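Undergrad: Okay, here's what each chain looks like letter by letter:
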Amino acid sequence: MTEVLEEKTTKLVNLTIDNLEITAPEGTLIVDAAKLAGIDIPVFCYHPKMEPVGMCRMCLVDVGMPMRDRDTGETIMEKGKPKIQFGRELQTGCTVSVSEGMVVVGYTEKVKKGRQDILEFLLSSHPLDCPICDKGGECPLQNLTIGYGSGESRFDLEEKQHLAKHVPLGDLIWLDRERCIQCARCTRFQDEIVDQPVIGFQNRGRKLQIVTFSEPGFDSYWSGNTSDICPVGALTTADFRFGARPWEMQASASVCNQCSVNCNITFNTRREAKSGGDLVIKRAMPRQNEEVNEVWLCDKGRFAYTSVKKDDRLTQPLIREGETLVETTWEKALDLVAEKAKEAGKEMVSLVGGRLSNEDYFNINQLTAHLGGKSLLNSEMAGGDLVSQVGLGTGSNIADMGQGDAILIVASDLEEEAPLFWLRVKQAAERGAEVIIANARETRADRFAKYKIRIAFGQETAVILSMAGAKEGIAVEFLADDAKVKAAAKVFSEANNAVIYYGSDGLGLSGSEELSKACAFLLSETKHTGRPNNGLVAVWNKANLQGAWDMGFRPSETLAADLKNAKFAYVVGNDPASKDILEKSLKDTDFVVVQDVRLSETAEIADVVLPAQVYTEREGTYTSAERRVQRFYPAVPAPEMTKPDYKITAKIAKRLDLSLEKIAASLVFLDLAEKVADYAELDYVRLAEVTEQWPIIGRDDLFYGGTSYQNTQGLGKQISPAIETETIKYEAFVPSVLSKKDEFLAVPVTTLYDRGSTMLSSEVLQPRIADPYVILNTADAEKLGVEAGVQISVKLNGKTANVTAKLDDSLAKGIVLVPRSMGIPISDPGSITIKAK
Amino acid sequence: MNALLEKHTKDIEDILKKYPEDQKRSAVMPLLYVAMRENGFVSKQDMYDIAEIIKVSATQVASIVGFYTLYHDKEGGKHRVQVCNDLPCALRGSGEYLEKLCENIGIKVGETTEDGLVSVESVMCLAGCDKAPMFQEQNPDGVFYHEDQTVESTLELIEQWRKQEAK
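Those protein sequence lines, which keep their order, are chains A and B.
Note that the working numbering numbers the first sequence so that position 810 is 810, with each residue one more than the last.
Note that the working numbering numbers the second sequence so that position 156 is 156, with each residue one more than the last.
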C-alpha cells in the first residue's frame, strides 16, 4: 500500500496504528499513514493536498513513543517489547509525523471522548438542516455525528446562532453561514493552491465568517473546487444547489473537452420529472487523475455541461430546398451527400473543429483520403507534427518535476489557455523547478516564474532561437546578448529535465508554426527529448487538436481559398461561417455539408445538415496536449435521430465503396491503432486501466480528499513521441517582423471566459462573461484620452465595433490585446484603429 | 485612481520605506491606521486602495480589519468605549457596568450616540482584569485605558469629552 509514497522518500519507519504494524516513509503525517494502511482517522480541516493546520481537532489520537533510558539512550524494554509512554494529552493526527516505534491509538474511550467533545462543539450552533442540504449523504459532519455524536445537545437551543443562509459569494458559489464549521479548507485552497486569496475569514470566534471583497465576488477560475473540499454544506455551487441528492445519482466517467488538458471528470446523472423523465446531468465533479488534473477542475470545465440544451439541438437531417432547410430522412440525406462527394472527388475538402474524438477524425480522414481530398483543420495554431516528434516522453508527469528541472512557458497566458497546466507548473515551481517565462505581457504565471523575459510581440521565435544558441544569421542578436536570456538559456540547457509549453498569445497560424519549430529545435539542441518529463507541449485552445494532428489533419494558411475552390466541403464540428471571410468562400463552394450538434451559422448556409451527438452522449477518446489518450463514456442518452460523427462518416463512406467501422467507437479505435503508428499499442481495454493513486479520495470513508471521484474507469495512456532520438534541424527563420507604421497593432490573446458558445449558452457561466473589450497600454490610453472601463470604437479587418477599454501597464506601447471569441473576430496580428468616443 | 495614496502620499511612502521590496504586504497594519485617521473607520474603498498599494487581495485586507478590534469597518463615535467583558472582568461586574452605562447614555452595545460623540462596544480581553471594570478608549489621538471604572466615573468622562467638543 505504501508504494505510492515510497517512491518519493527513502527512509521508512515502522509504527503501530490501532494494533496494525505498518511501514511508512519518514515524515508522513499520522492521518496519511493511517489512510495508507486502510485506517480512517476522521478529519475536517486536514486535506492531503494542503499544508496541515490542526484547526478542527477532529483527528485526535493518542500517540505513544518508546521510552528511552536517560543515561544510555537505550530503549527500555518490558516483557520483551519496548515500553511505550503515551502523552498526557491527545494529539492531532494531522500535524504529527510518524517516527520509528511510534504507537498510535484511535479507538480508546479517551480518544472517542475527545472526538465526541469536538463534534459537540461543532454542532453547538450547526443548523442540522441535513434534509435540505446539498451535502447530505456525502457529508463528513453527518457521518461523524452518526459515528461519534451524542444523541442530544447539551447546548441551549435558544443560544443557537442564526446566520444568513443564502449568501452568494459571486455568481457560482453560495455560502450558508450557519453550516460553516470554520475549517478554512476553502480559504487555504484559494491561497495555497491557486494563489488567489479572494475569499477570507473575517472576525473571530463564533462571529467568524467567510467573506469576499473581490470584484466580481469570488473572482477566481477555481471556485468550484472549494465546494468539493468543503466538509459540510456551507459552500454549494450555483448549478447543483437544491438540485438532487447524492444517492439518487449515477456516476459516469468523462473527459472535459474545454481545453487541451483533458481533465478527468465524472458526470452525475439522474432521471427526473422536471426534465420530462429524461436522464440528465446534474453536476460535473473532478475524477481523480494525479497525472492530469489531480482532484481539481477549473470552473469553466465544471460548469460547461450546462451549455448543452435540448432545445437548440439538431435532431433531424436537413436538406436545402431553395432558400430553406427542410427535414429529411437519413437515407435521402446520406445518398445526396455521397453522390455530391463522388462528383467532387479530389476537389473535396473536409474541415474539422478541435473537439471531435480521435475515432471521428480517423474516419473522416479515411474518407477524405479515399476521395483524394484535403483533410483540413480549422485552427490558428500549428506544431502538432512536432509535438508528435518531440512531445513529452512516455511516463511524463509534471508532478514529478522539481529541483533541477526547468519549465519554459512561451507566448502563453497559461491560466487563461489551460488552467490546469498553470496549476501543475505552479506546483512544480514550488517544488523547486526553475520556471522561465517569455511573454510579451504580464500574466499570472509571472508570480512563480524565476526568469521573466519580457519580449515584444513578434519576438517569440527569436527568443527561443537565441536560447538555443542558434548560429549566426538565424537569431536576432539583441536577444542572444540579453543577460536574462543568457541566464535562462543556461538554466534550461543544464536542467535535468525540461519541458516547453508554447501557447498562442499574440500569434496567428504562421507565427505559431515558426515558434513550434524553434521550440522543437531548442529541445533537440539541449537534448531534452525522448525522456520522461522532457519535451514539447502545445497549449492548444481546443480539447483534441493534438488528436486531429495525429489523425492527419492540418490547418491551412489558405483556408479561404481552399474552401472557395472546393466543389464539396464536409464541415464537421466547427463553424467557419462565423468568420466573414470564410463565409464568403463557403458561398462559392458548390456543395456544403455540415455535421454538427447545433444549427450553426455554417449550417444555415449548408446544402445538407447532419445531426451529430454531443460527447456526453457517446463514447470516444481524446488526446491531450501532453499526448495522453483518454476515454470518455456516454452519460446521457442521445436524441433519437442523432448519430455519433464516426458513424455518420462511415455511412457516407459505405456509399462510396469504402468500408469503415461504424458499430462502436472501440472498433474504430482498433482500425485506428492499426493505421496510426503512435497509437499502435493502445486499445479501449488498456485505456480503461487504473492504478493505485495517492491521496486516496472519493471513497466510502470519513471524508478526506473531498467529493471528487475515485478513478475507476481509466487513467488513459500517454503515447510516446514518434522519434525519440532524432535531432530536429531548424533551417528557415523568417523573422515575422511586425509592421511599425501601424499606429496600433492588434494581437490575438486567449481568455478563458470568452464569448464562445459554451459560455454564452450556459446560464450558470453567463454572468461571468465580460462585455467585449480590448486591452490598451496605459500611456497609449492617456494619449487617446481613454480611461479604463469606457467605451471605445475599434476598427479591425474592416469591421467596426464598440468595446470596453481595459488598461494594462505591462503592455508595450502601440499594442492592443484583442481576446479571441470576444466579439471581434481576429486570427492574426494586424493593424487596428482606435477612437475614443 | 488610488484616493488614499493621493491624500496621504508622504505618510504612505514613509511607511512603505520601512519594508523590504518583496514584503510590502507587511505594511498593511500601519496603512490601516492611516485610513482610519480620517473618519475613525476603514471604508470599503480604503480596503481596495490599500490592497492595490501593497498588492494583496482586498479580501485579505478585510480579513485583517475583521480580526483586530482596533480596526473598524463601520462608522462609530469619535470616542469608542470598548468595554472588556471576558470572564474575569465579568466576575468583577463588568456586565452590569456595561448594561447600566448603556442605559444611562441611551444606546445599546454597538451603537453610537446621536451627536456622534460616543459609541460603546463589548470586546475580548484587554489584559486589565485586575482593574475591572475597565474599558479602552479609541479616539483620533490614540488608544487610552480607563481602569477601575464605575458608571458614574465614565459618565463624568463622557461629560468632559462633550465639553471639549463644545469649545
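Any given hint could be a false lead.
Some chain B residues close to chain A (C-beta under 10 angstroms, calculated; not the full set) [what the hints assert, rightly or not]:
#	residue
1	F41
2	M47
3	A51
4	I54
5	S57
6	T59
7	I64
8	V65
9	G66
10	F67
11	T69
12	D73
13	K74
14	M124
15	F144
Quick partial rundown of chain A residues pointing at chain B, CB under 7 angstroms, derived from the structure [as the list claims (entries may be wrong)]:
#	residue
16	S125
17	V198
18	Q202
19	T212
20	P216
By construction, these hints were calculated from the structure, which means they are not laboratory data.
In this text, all values refer to a predicted model and were calculated from it rather than measured experimentally.
For each residue, glycine too, the CB sits at the ideal point set by N, CA and C.
Undergrad: A separate judgement is required for each hint: does it hold in the structure or not?
TA: Cross-check of the supplied hints:
At a threshold of 10 angstroms, the smallest CB-CB gap from B/F41 to chain A is about 15 angstroms, leaving the interface hint violated. A hinted interface residue such as B/M47 counts as satisfied when its beta carbon comes closer than 10 angstroms to some beta carbon of chain A; here the least separation is about 6 angstroms, so the hint holds. Checking B/A51 against chain A by beta carbon gives a least distance of about 8 angstroms; that is within 10 angstroms, so the hint holds. Because the closest C-beta pair between B/I54 and chain A is about 13 angstroms apart, greater than 10 angstroms, the hint is violated.
Annotation: interface hint on B/S57 holds; nearest CB of chain A at approximately 5 angstroms, less than 10 angstroms. Given hint, B/T59 at the interface with chain A, holds; its Cβ is 4 angstroms from that chain's nearest Cβ, closer than 10 angstroms. Taken as an interface hint, B/I64 checks out: its beta carbon lies about 9 angstroms from the nearest beta carbon of chain A, inside 10 angstroms. At about 8 angstroms, the closest approach between the beta carbon of B/V65 and any beta carbon in chain A falls short of 10 angstroms, and the interface hint on this residue holds.
For B/G66, the suggested interface contact is upheld, since its CB lies about 3 angstroms from the closest CB of chain A, less than 10 angstroms. The interface hint given for B/F67 holds, since its Cβ lies 6 angstroms from the closest Cβ of chain A, which is under the 10 angstroms cut-off. Interface restraint check: B/T69 against chain A, minimum CB-CB distance 9 angstroms, threshold 10 angstroms, status holds. For B/D73, the interface hint holds, the least distance from its beta-carbon to any beta-carbon of chain A being 9 angstroms, beneath 10 angstroms.
Interface restraint check for B/K74: the shortest CB-CB distance to chain A comes to about 12 angstroms, outside 10 angstroms, so the restraint is violated. For the restraint placing B/M124 at the interface with chain A, the shortest Cβ-Cβ distance is roughly 8 angstroms, inside the 10 angstroms limit, so the hint holds. With a cut of 10 angstroms, the hint placing B/F144 at the interface with chain A is violated, because the nearest CB-to-CB distance is about 23 angstroms. Checking A/S125 against chain B by beta carbon gives a least distance of about 18 angstroms; that is not within 7 angstroms, so the hint is violated.
At its closest, the beta carbon of A/V198 sits 5 angstroms from a beta carbon of chain B; the interface hint therefore holds under the 7 angstroms criterion. Annotation: interface hint on A/Q202 holds; nearest CB of chain B at approximately 3 angstroms, less than 7 angstroms. Because the smallest distance between the Cβ of A/T212 and any Cβ of chain B comes to about 6 angstroms, under 7 angstroms, the interface hint for this residue holds. Residue-level restraint check for A/P216 is violated (minimum Cβ-Cβ distance to chain B is 12 angstroms; threshold 7 angstroms).
In summary, the structure is inconsistent with hints 1, 4, 13, 15, 16 and 20 from the numbered list given earlier, while agreeing with the others.
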